[in-house]
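*Asks:* Please work from the sequences and hints to get the whole structure.
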Amino acid sequence: MGRPGFVLDVDERTPPLLMHEGEGFRLERLPMGSRVIYPPDSLPGIVNLEAAIRHALVHPHGSDPLQQLLRRGMRLTIVFDDLSLPLPPMRTPDVRQRVIEQVLEMAAAAGVDDVELIAANSLHRRMTPAELKRTVGERVFRAFHPGALRNHDAEDPDNLAHLGTTPHGEDVEINRRAAESDLVVYVNITLTAMNGGSKSVAVGLASYASLRHHHNVHTLRHSRSFNDPPNSAMHQSYDRMADLIGGHVPVFTIETTLNNSTFPTALRFLTRREWEWNLTDQAGYLAVKRSNDLATSKLRHRIWQSTEAPYGVTGVHAGAPSEVHPHTLAAVHRQQLTEVDGQADVAVFGLPYICPYNVNSIMNPILVMSLGLGYFFNLYRGKPIVRQGGVAIFYHPMPPEFHPVHHPSYIDFYELLAETTDPVMLETKYEKQFATDPWYIHLYRTSYAYHGVHPFYMWYWGAHAMQHLGDVIFVGGDRSTTARLGFRAASSLADALELASGTVGRDPQISYLHAPPMVLADVR
Amino acid sequence: MSSLREELRLLRHGRDWRGRARVPRSARRWALPDDGDGFPTEWARTAAAGVLRSALQRGVLKPVTWSQTRPVVHGREYLESVRGPAIFIANHSSHLDTPLILGALPPRITENLAVGAAADYFYDSRALAAVTTLLFNTFPVDRRAPRRSRSLAADLVDEGWSLLLYPEGGRSVEGLLTGFKLGAAQLCAKKRVPAVPIALRGTFAAMPRGRRWPLPGRPRVTVRIGRPLCIRPDEGVPDFRTRLVRAVATLWAEDDLGWYGALRAAADDSLALPSGVSGVLPTTVAGQPAEGRDMAPWRRIWEASRPPANDS
Numbered sequence: 241m242g243r244p245g246f247v248l249d250v251d252e253r254t255p256p257l258l259m260h261e262g263e264g265f266r267l268e269r270l271p272m273g274s275r276v277i278y279p280p281d282s283l284p285g286i287v288n289l290e291a292a293i294r295h296a297l298v299h300p301h302g303s304d305p306l307q308q309l310l311r312r313g314m315r316l317t318i319v320f321d322d323l324s325l326p327l328p329p330m331r332t333p334d335v336r337q338r339v340i341e342q343v344l345e346m347a348a349a350a351g352v353d354d355v356e357l358i359a360a361n362s363l364h365r366r367m368t369p370a371e372l373k374r375t376v377g378e379r380v381f382r383a384f385h386p387g388a389l390r391n392h393d394a395e396d397p398d399n400l401a402h403l404g405t406t407p408h409g410e411d412v413e414i415n416r417r418a419a420e421s422d423l424v425v426y427v428n429i430t431l432t433a434m435n436g437g438s439k440s441v442a443v444g445l446a447s448y449a450s451l452r453h454h455h456n457v458h459t460l461r462h463s464r465s466f467n468d469p470p471n472s473a474m475h476q477s478y479d480r481m482a483d484l485i486g487g488h489v490p491v492f493t494i495e496t497t498l499n500n501s502t503f504p505t506a507l508r509f510l511t512r513r514e515w516e517w518n519l520t521d522q523a524g525y526l527a528v529k530r531s532n533d534l535a536t537s538k539l540r541h542r543i544w545q546s547t548e549a550p551y552g553v554t555g556v557h558a559g560a561p562s563e564v565h566p567h568t569l570a571a572v573h574r575q576q577l578t579e580v581d582g583q584a585d586v587a588v589f590g591l592p593y594i595c596p597y598n599v600n601s602i603m604n605p606i607l608v609m610s611l612g613l614g615y616f617f618n619l620y621r622g623k624p625i626v627r628q629g630g631v632a633i634f635y636h637p638m639p640p641e642f643h644p645v646h647h648p649s650y651i652d653f654y655e656l657l658a659e660t661t662d663p664v665m666l667e668t669k670y671e672k673q674f675a676t677d678p679w680y681i682h683l684y685r686t687s688y689a690y691h692g693v694h695p696f697y698m699w700y701w702g703a704h705a706m707q708h709l710g711d712v713i714f715v716g717g718d719r720s721t722t723a724r725l726g727f728r729a730a731s732s733l734a735d736a737l738e739l740a741s742g743t744v745g746r747d748p749q750i751s752y753l754h755a756p757p758m759v760l761a762d763v764r
Numbered sequence: 021m022s023s024l025r026e027e028l029r030l031l032r033h034g035r036d037w038r039g040r041a042r043v044p045r046s047a048r049r050w051a052l053p054d055d056g057d058g059f060p061t062e063w064a065r066t067a068a069a070g071v072l073r074s075a076l077q078r079g080v081l082k083p084v085t086w087s088q089t090r091p092v093v094h095g096r097e098y099l100e101s102v103r104g105p106a107i108f109i110a111n112h113s114s115h116l117d118t119p120l121i122l123g124a125l126p127p128r129i130t131e132n133l134a135v136g137a138a139a140d141y142f143y144d145s146r147a148l149a150a151v152t153t154l155l156f157n158t159f160p161v162d163r164r165a166p167r168r169s170r171s172l173a174a175d176l177v178d179e180g181w182s183l184l185l186y187p188e189g190g191r192s193v194e195g196l197l198t199g200f201k202l203g204a205a206q207l208c209a210k211k212r213v214p215a216v217p218i219a220l221r222g223t224f225a226a227m228p229r230g231r232r233w234p235l236p237g238r239p240r241v242t243v244r245i246g247r248p249l250c251i252r253p254d255e256g257v258p259d260f261r262t263r264l265v266r267a268v269a270t271l272w273a274e275d276d277l278g279w280y281g282a283l284r285a286a287a288d289d290s291l292a293l294p295s296g297v298s299g300v301l302p303t304t305v306a307g308q309p310a311e312g313r314d315m316a317p318w319r320r321i322w323e324a325s326r327p328p329a330n331d332s
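Line order of the protein sequences matches chains A and B.
The numbering of the first sequence is the numbering used here, which starts it at 241 and goes up by one.
The numbering of the second sequence is the numbering used here, which starts it at 21 and goes up by one.
Honestly, the hints are just simulated from the structure, not real lab data.
Label pairs and their computed distance ranges (CB to CB):
id, chain 1, residue 1, chain 2, residue 2, range
1, B, TYR98, A, GLY273, 44 to 54 Å
2, B, GLY256, A, GLU290, 53 to 63 Å
3, B, ARG48, A, GLN308, 45 to 55 Å
4, A, THR547, B, GLU131, 49 to 59 Å
5, A, ASN471, B, GLY256, 51 to 61 Å
6, B, ARG229, A, THR547, 37 to 47 Å
7, B, GLU131, A, GLU252, 34 to 44 Å
8, A, GLU252, B, GLY256, 38 to 48 Å
9, A, VAL287, B, ARG32, 33 to 43 Å
10, A, HIS573, B, LEU235, 50 to 60 Å
We treat Cβ as the ideally placed atom computed from N, Cα and C, and that holds for glycine.
*Replies:* Structural data, given as structure tokens:
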């Protein structure tokens, strides 16, 4: 059994600590008395995954076994999480492939002919055929692509079905094929507590008309945090929508959870506690750090993007979504939850090279903001890691780089930030324009572009943090880029703390969230 | 981009010459067990290794130790009654302690003596483990989860080896006497072998933590060997441990109070005895018992680093 997560008090014995900073990392000496929130050790993965998947399908929660739900002549749609999960992409075979193969074995045995597979990419960019093949495996890809293995298209009016409105007046519009199926089987990877559950179908197969009800500034500001579903307005909206969807089409969900084996063996020092680094780890750190620093940015990018995580699967649960998800969340908490006493004046985060929206792509400044003020800031349960009015210090170079194919609307959104960085203003004035822009829609549907509205959602993702924090500083951040985003840049931690002293004084309590691997701070 | 020198400086910061960092205090509870499990030590207990070790100890180790310090050894006569395995227990505040004890004990005992060594320190690198094992006939002791190493210690006693153990669990940070762990007393009780208390004074002053060689000027050190103690039939292990602590504290106090004065202080129960990890000075120079934990940190180190009296 691995060790639980814990909070380190930095003392004179503490060696410099590892800090991610985009496509790089460094060692940083934190001031004495700083606290460092470490995730639990990586849990062992399930040894016989095939048997675990089969057991989950045969003994589901709140549902009949899957075999009993399958029958000849039925319309079966298998939906799976897209390439935004997990991070980094897991070493093949992907767990989705292994689940889908067993579902298809059962469907074949039951004589089901009408089967389609849909990637639940929502307003994300479409997955390329190679990415689809990597996710579902060669055998499934060959059998179903392209006709019956495809991406969800949230802008195809003929393939969307409006199922009604929730009691809160929220439109529920999802993929027609799924809505008109006799059974939807959803294959999920729950990497963080925000994933899975009601979110899967209600978001993954939805259209803009539906998503705008929860992907907005008001909801995000009342999702505290969005990694704590019971206290997340966003998840409450998902639940209402999922209830409505459940009244139209039966959903059998299979949720999987992963351990914290985030990096391959060559990078194992990234996942070990620094005082436990042996000479191999130190040599590895030095070799990788120097090579990484000396590499061209193109080569560096390629190497990081080709990194595959040797994840182990810690849990497979299947059945009715509402019955399954509590088990899934418990498994996520076992792997990621660390108790923290009290909030800090300053929170420090080292932002890695990857987020859900730059897989095989570029982490542009808006995605950096979303990763830092959205995902990392919200890695808490109870209270934020940093107090109201405190300061967040992020490590990321934040180069002003964009992927022209994947993120065209982000480039235009970045220009808007010169006018205002206020999420409400941006939402009110520009969201609809970007969301309905025919060119962005065309690129989303026919190319590999994120939807026109997607950069707005990323900005809203940080709305709660922006409202909560007194200052945001990026160590090593490009000065003009950080200024454009409304933040400040510092060349070192000492400089950042100097800048922060105007907000939190000269002797602040500092907490550093040591991630990745994933850690969810349970702040008491 | 930072320079290689800067990277190395950061990487080396807080690490010793073997690249090991000390476990931060708040992380101790979750420290990984490091029991030197993978390093075999049986070879060091063969006859050939014993011959080589005796030559090294008598030809190199003792002459070097005695040339760099001025050891005064008391109580060798108590060892005449020791026949067969015994557990030698001593206070520990310096890497000088083991060479001094090995030099102070008669060859008939050292030739049959194995030394418990911290697995997380001496068995972290194979080169260091090999040298230590050969020179001192050490075996790994896991200081945090001692079950496995305790069984190795028991096996060694079964094989007829005497053991030298430091029941404080490591070198004292401030040079004071700290509480004894139960392991040594338990071993004596389980194997029905005597414990021989030893007190070392002056080694903290001569070569404290962080130094790799004694201070210049041949600092004076004393090695006081006490009477062997056996657990009584009606005595519990914790009580026996207390008796061992008291025996070492009494020997420690001899430098300040003299032999009889220390005996009187022990009989009057006026020696300060340690409990747990906080250290105490069994006596002060003036003969007044003083709890180290009530003293300012600088005073604790000041007193502990005071050289033993010349006339003792």
